[in-house]
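Residue numbers (my numbering): 4 to 338.
A few of these clues could be false.
In silico SDA-like cross-links for lysine to any residue, where the CA-CA straight-line distance does not exceed 25 Å [as the list claims (entries may be wrong)]:
| id | residue 1 | residue 2 |
| --- | --- | --- |
| 1 | K304 | G327 |
| 2 | K164 | D174 |
| 3 | K310 | L230 |
| 4 | K251 | N194 |
| 5 | K218 | R278 |
| 6 | K312 | I298 |
| 7 | K289 | E263 |
| 8 | K156 | N194 |
| 9 | K156 | E127 |
| 10 | K320 | L286 |
| 11 | K236 | D157 |
| 12 | K304 | R278 |
| 13 | K310 | S280 |
| 14 | K153 | F140 |
| 15 | K153 | Q176 |
| 16 | K83 | R336 |
| 17 | K143 | K153 |
| 18 | K124 | S71 |
| 19 | K248 | I161 |
| 20 | K320 | R336 |
| 21 | K164 | I100 |
| 22 | K248 | N75 |
| 23 | K289 | R314 |
| 24 | K143 | E281 |
| 25 | K83 | Q176 |
| 26 | K251 | V276 |
| 27 | K156 | Q105 |
| 28 | K143 | V276 |
| 29 | K83 | D157 |
| 30 | K143 | W275 |
| 31 | K254 | P238 |
| 32 | K289 | S45 |
| 33 | K309 | E279 |
| 34 | K309 | K254 |
| 35 | K231 | D157 |
| 36 | K254 | E206 |
Have a look at the derived ranges for each label pair, beta carbon to beta carbon [to be verified]:
| id | residue 1 | residue 2 | range |
| --- | --- | --- | --- |
| 37 | G68 | D322 | 17 to 25 Å |
| 38 | E302 | G150 | 33 to 41 Å |
| 39 | E239 | V67 | 54 to 62 Å |
| 40 | K248 | N175 | 28 to 36 Å |
No lab work stands behind these hints, which were simulated from the structure alone. Every residue, glycine too, gets a C-beta built ideally from N, C-alpha and C.
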Amino acid sequence: MQIMNLKAQKMLINLAKNQVLNKQFSTFNFCSKKELPTKSISELEEYWDEFSGDYTNKISGSQVGVYSSMLNMMNIETKKNILETGLGPGYMIPFLIQRKQQDAHLTLTDLSSQFLAISQKRLEVFQSNPFGNLYDFEIKKIQPFQGEKKEFKDFNLILEKVNSEKLPYKDNQFDAYISSLCLQLTTNPQNMINEAYRVLQKEGIASFSVWGDRKISYIFTVAVQILKEEKIKIPEARSNFHLGKKEKLNKMLEEAGFQECIFWNQFMPWNWVTRESEVDSLLGDKIIQQLLELIENQEQKQNIMKKIKQRYLQIIKNDHQAIGLDTLAVIARKL
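Input sequences plus hints: build the corresponding full structure.
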């Protein structure tokens, strides 16, 4: 009986562990190629509130290139009423403010209160000293975002807590819509695209970017590939690369009513994975550690960590290739 109880306890522990891992992988997943469900809206909000600090410090700066290209392709300087969803930590807010016309109105939104708090802090720093360092503040000391909305009259800008799948705005309200690296994460991407189309005016333009070519997105694929080679079972969840094919995303945009869709791929190099010591730091990152939690045998875990490190070093030192993420971006018009 005692042996059976121990076995039952172990089964329950493993079941609970797998449930936790499945929840983790369903948000920031890069494994499965299947069409599988992801987190609910409330779970997405909770996840990004928790992950906002690491994302701000390590990842958001890498988006500069693709975001800048999106604004260029939209001719953002000609727009009068601009909506951005999935703002994140607002890394490029100052750049957007300086590129738009002075009287153009910005509505910047996110589902995460913590991301909005970080964006609010960045705007306050920019407002007090436009020539100062807009990225040098401690995220843990930031005050929570209060309420649902915050207005910055000097910039003709509103920060607002909004679900991009259910926008609270009128039909035909905006002439430009931006969403960078958010669409592939949302519960129902088609709903998000439909909402973007609804709130755009006739002749309005939207720009989306999503995770692109899995083959060269080493930052998120090396560890997964090693685990597969070692026959480690990875929980199935919808992959963040699920919209990375131009044909699929084009079909979704056209189903919503968009026309004149133009696509391009743009690689985002990770500036903090360029040397061996930085690879060691990457192995301790939350995303890699979630994968390693799948391995119960400690000796096997150490061997796999060594193989992951060797693969990264091969890419950096032998192939002389940046570690990063490929993105697929698009502009689309409402005619």
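* **Violated hints, by number in ascending order, as checked against the structure** => The structure conflicts with hints 7, 8, 11, 19, 20, 26, 31, 34, 35, 38, 39, although it agrees with all the remaining ones.
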